[in-house]
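Enquirer: Starting from the known structure of chain A, arrange chain B on it as the hints suggest.
So the protein sequences, as listed, match chains A and B. Everything in the first sequence is counted per the numbering used here, starting at 1 for the first residue and increasing by one. Everything in the second sequence is counted per the numbering used here, starting at 1001 for the first residue and increasing by one.
Simulated from the structure, these hints should not be mistaken for laboratory data. There may be inaccurate statements among the hints.
Stated by the list, open to error - One-sided and incomplete, this derived list gives chain B residues near chain A with beta-carbon spacing under 7 Å: (1) T1129; (2) I1133; (3) G1135; (4) T1140; (5) I1146; (6) L1148; (7) P1159; (8) G1255; (9) M1258; (10) T1304; (11) Y1319; (12) S1322; (13) P1325; (14) T1327.
Remember, predicted model here, so these are calculated numbers, not experimental data. No residue lacks a Cβ here, since even glycine has one placed at the ideal position from N, Cα and C.
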Amino acid sequence: MNHKTVSYKLQSVLKLIILPVAVYIIFEIIDRLVTGKGVISSKADLRVLFRTVITCYCFAMALNCNLLLGRMDLSAGAQMFMGCIFGGNIALQFNLGGIGILVLSIVIGALCGLLVGVLFVNMRILPMVLGIGMTLIFECFSFGAYNQQGLMLYGKKNVEILSNLTFILLVAILLILVMTFLFQHSTFGYSRRAIQGSQKLAADSGINIFKNCILCYVLAGALVACAGVFDTAYKGTLTPGLGMSSNGSVFSNMFPMFLGIWLGSFVRNPVIGVLGGAVSVKLLTLGLSKLALGGSTQNIIIYSLFLIFMIYRTNSSKMEYLKKKKVRIKLAQETRRERHLQIT
Amino acid sequence: MSDTEIMKGAPRLSLTDRVSIVKNNPSFSFTFPIVVLLLIISVFGAATGGDFFGKNIFVGIFNQAIIIGTMATAVSFIYTTGNLDISVGNTMALSATIGALVYNLTGNANLMVVSAIISGILLMLFNCTMSVIFGVKSITVAIVMIQLYSAIVSNILGPETLKVDYAMCKIMENAGFRYAAFIIYFILCFIVFHLTSAGRELRFIGGNEICANQTGMNANKAKYISFFMAGIGVGLAAVFTIIRTGSVSTEVGNGMGMDVMLATVLGGMSIFGGAKSNSYAGLLGALTVSALNKGLLMVGISPTVIQGVRGAVFLLLVYMNSERPQTLPTRQQV
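Extracted from the complex, chain A is given alone in its bound form (with noise of 0.2 Å):
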């Protein structure tokens, strides 16, 4: 690798991590001004900070799977209750512990995006339509289910280990390499990739568009599965709603993906610029919270970020062309005073 491929790798990955690193030394400071502590002042901190950016992750790499094809699946926040609601408690009746939960989990709600994914190629109706339908059904299943307790992990024995800080980062490790592979170099990725540029061109160029459609229904419906059983171990229960209440999760997890999209296009891969998003998001919560504002108020502040963040995005060209506008403006000034200065 000769020495101009390794800086521009290294400006990579410096800009990969700028954002949650800045992030974090940002809140430091704020925190350490306003309550004497820092971001991550003890251990707890660590492992909420670790729950939190787990699901955010899953969350957002579920979202990632369908909304750059042109799919919005509103359904993804129901299909997070159906896994974990009916895996986990399964798993809970046959005492599998919280691998069991886990594993059951992620079966179950990989089998929700089966069946989304299955519809959505046969009946080919807009996606978010579709969504709006199955999140309805799901939600009257999960919330119809177990005597409409949801699923209740606080005092269950053999469960800890989902609060395990080394497990829950053996997992995230996996789930990384799981996600690269699948993305970045598998034949589904590929095809994924392709679709994404053109849907058409990749169905002319043979490239089976609906079985990869299913596979990434079912990727996302094991993805949101997986967030919700962290989600659960964090919180302690898991209560089912219904009228389209699962929706918060789906636009809440929207920030982090898009926010990753954009980091991740800096080293060319997704899977870990939404890593960088979720942590970049996380740790601007806690940062936050560490204030001691109220929900909404935290609230008012993210989104607002999320907005000035989508304005930047949508406009960065503009900006760009504006610069190099500017830029050329100079040059040419220069040039003629220059000019006009020779002739004088």
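Expert: Just chain B, lined up with the frame of chain A:
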């Protein structure tokens, strides 16, 4: 050769072809939701032994449908242009909060109505500006605004419920304010949508924005018009919400954006707009949802199951009312 002989020689049409011919009929998108609504009423009428046909039941269905119907009529303007806004529920909640605060400060019901409508318009225009001036996709703006408006309402209200003078609300309700305001708004929407050049432009832009721009139409201006009209509806729905319960809480408007979309689609309109859009789809859809809910409740089905049935019926109706593209659906294919 006689007509009968010609018909005998012609190839027989398959069922799919026949369905396609029926679906492509220009009046199908209008008649289908009405037929579905009448079918639901007939089925539940028969299932309840005629109890469903009672005057009180119909009034109840209309009262339930009025808020969603107003909102769905409002957003049909936005959907027509090919934009999506699912934040209308939270926008309505913030407008209702502002309206209730204004009433509690001034004690003037007229000011409450005016402030709620103006808030609705301004908030919707803010969403539009984010989309038109800053170029952020309207659905992304909506997702941010759902959280942002909800957080602002929570910040203003806290855990408390903002109470508004119940007597005033009752007076407004008994005086038929809701019906009058809804009918006036609905007629206004119908006129703007179907009888003016602005309405035609909205549909054209929804169908093909590039083509519309090349024929001299200003897509941005049209988007502002659509969000303005939607803002009036959102403001009105906020007033209806206040006078229905005499209070505003953080729960108001949650998930309503989805209900509105559900009603609009059930009413026979594509959420990607275009030439087949209309202003009455929202009302038809809202009535269908309300009739379905009421009927299922009267038959004795639990609210949990009702939601599931609603989802299944919704998907079935959408499937029956939509085209099946060769490839997977994208914006261009709908």
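Enquirer: If a hint holds in the structure, say so; if it does not, say that too.
Expert: We went through each hint and held it up to the structure:
no., hint, in the structure
1, T1129, "violated, 11 Å"
2, I1133, "violated, 9 Å"
3, G1135, "holds, 4 Å"
4, T1140, "holds, 6 Å"
5, I1146, "holds, 6 Å"
6, L1148, "holds, 4 Å"
7, P1159, "violated, 10 Å"
8, G1255, "holds, 4 Å"
9, M1258, "holds, 5 Å"
10, T1304, "holds, 5 Å"
11, Y1319, "holds, 5 Å"
12, S1322, "holds, 5 Å"
13, P1325, "holds, 6 Å"
14, T1327, "holds, 6 Å"
Hints 1, 2, 7 from the earlier list are contradicted by this structure; the remaining hints agree with it.
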